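**Q** Please build the complex by placing chain B on the supplied structure of chain A, with the hints as guidance.
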Amino acid sequence: MTGAAIEANGLGMAYGRRRGRALSDCSFRLPAGRICALVGPNGAGKSTLLALAAGLLRPTEGSVRVLGSTPAEARARIAYVAQDKPLYPQLTVADTLWAGAELNPATWDRAAADRVAGPLPQDAKVRTLSGGQRTRLALALALGKRPELMLLDEPMADLDPLVRHQLMGVLMAEAAEHGTTIVMSSHILTELEGACDYLLLVEGGRVRLGGESEDILAAHAVLTGQVRDLAPHTVVESRTTGRQLTALVRKEGPLDDTAWDVTEPSLEELLLAHLRSPEAPALLTPSARARAREEVVAA
Amino acid sequence: MAESAAVEFRIDRRSGVATYLQIVQQTKQALRLGVLEPGDRLPTAREVVEATAINPNTVLKAYRELEREGLVEARRGLGTFVRRTLGSAAVTTDPPLRAELAEWTRRARAAGLDKDDVSALFTDVLDSTFKGDPHS
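Chains as they are written, first to last, in the numbering used here: chain A, 1 to 299; chain B, 1 to 136.
Excised from the complex, chain A in its bound form (with noise of 0.2 Å):
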């Protein structure tokens, strides 16, 4: 694959003079086929990157394209679930489906919508569901319009834990078939871990880590020994107890494996070092380096 689903140069975003900025000088780009964990603490300003990325914000400064054009352009090609699902309360599921039948003409696929439509009261209407169905109802939209690129900010945040497994699965049976590239966000990271190849950490309206997950974590290693120089190697958290020092640190060249115990960190130790180390610098993997402009007009 080589085209980019995202690609981000200088993006920000102000909501107004008093709330600084959501987002601030973030770049990144996401080749298209992956899926993407969208992780960071709350106010990180993953839902703000979402909203640019779906076309429903209007950037303050730098640019968003999205499956190689402006996100207005790509909407036909895009799905987005916002975090509150908004649905029509005065509908039925049934005209729901109907209506997202009718607006997607082109692509929609009904056998898709209805395999996680399925088990809703079809004759319900949307405001007496529960949290969970509507998510459901709204996942189906998204699924319906066989989109190319899906934008579903904490998708799973409100489904217990036996339907959360089914619409991921549904969600990954959708990617192997048709190749969708997925972008989730969440705060909970071990719901993506095994469902996500791929990462962006943002915090403070910056990316703070993206790339391949495997690449990412592959170059970091935690190390534990007796307390010493960790140098030339990047420290991005480090504690000292008696004689023994751990440290999660980003490789610069080959490790010493005779003065330390080195093992590879999980996604989860990753991400919580680098958030309780604001300082550690960003680390992005090559395909996940935003082109500079230049590069982009000519190719």
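Derived by calculation from the structure, the hints in this document are not laboratory data. Hints are supplied without guarantee of correctness; some may be wrong.
Quick list of the computed label-pair ranges, beta carbon to beta carbon [as the list claims (entries may be wrong)]:
{"#": "1", "chain 1": "B", "residue 1": "Gly132", "chain 2": "A", "residue 2": "Ser277", "range": "45 to 53 Å"}
{"#": "2", "chain 1": "A", "residue 1": "Val227", "chain 2": "B", "residue 2": "Gly16", "range": "24 to 32 Å"}
{"#": "3", "chain 1": "B", "residue 1": "Glu65", "chain 2": "A", "residue 2": "Thr246", "range": "44 to 52 Å"}
{"#": "4", "chain 1": "A", "residue 1": "Thr60", "chain 2": "B", "residue 2": "Ala6", "range": "50 to 58 Å"}
Remember, it's a predicted structure, so these values are computed and weren't measured experimentally. Virtual Cβ for every residue (Gly too), placed ideally from N, Cα, C.
**A** Chain B only, in chain A's frame:
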């Protein structure tokens, strides 16, 4: 849908073993035990991810690894099929070897060894017997 797949995979996210390796290991185990035989179809990536909610690329990576080892082959548009079994057929079809091992295990237990002791002893003998063997 075509004839259903012969096995399904169980993914344990807390095992510490990489997900693709769990699929590789479970396939090999099924081959050793004769649960999978040449000609059997492995589940498609779509079937695996729909049941387990793991990333499709993880399944493809596992299948590539099995293919690289010559155990399975991908047939375009049809699926991934078992090419050969693993280990000697004696594992499943030679009851005398199994009976001898069972008898030996009973004697070890009678001599006061617990399960971990027996396992450690067996692994030790296994390692020294197969030392230098390229497949070990």
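**Q** A separate judgement is required for each hint: does it hold in the structure or not?
**A** Tested hints:
1. Our hint of 45 to 53 Å for Gly132 (chain B) and Ser277 (chain A) holds, since their Cβ atoms are close to 47 Å apart.
2. At roughly 27 Å, the beta carbons of Val227 (chain A) and Gly16 (chain B) sit within the given window of 24 to 32 Å.
3. Distance hint for Glu65 (chain B) and Thr246 (chain A): a CB-CB separation of about 33 Å, inconsistent with the stated range 44 to 52 Å.
4. Between Thr60 (chain A) and Ala6 (chain B) the CB atoms are about 57 Å apart, so this pair conforms to the stated range of 50 to 58 Å.
Going down the numbered hints, you'll see the structure goes against just number 3.
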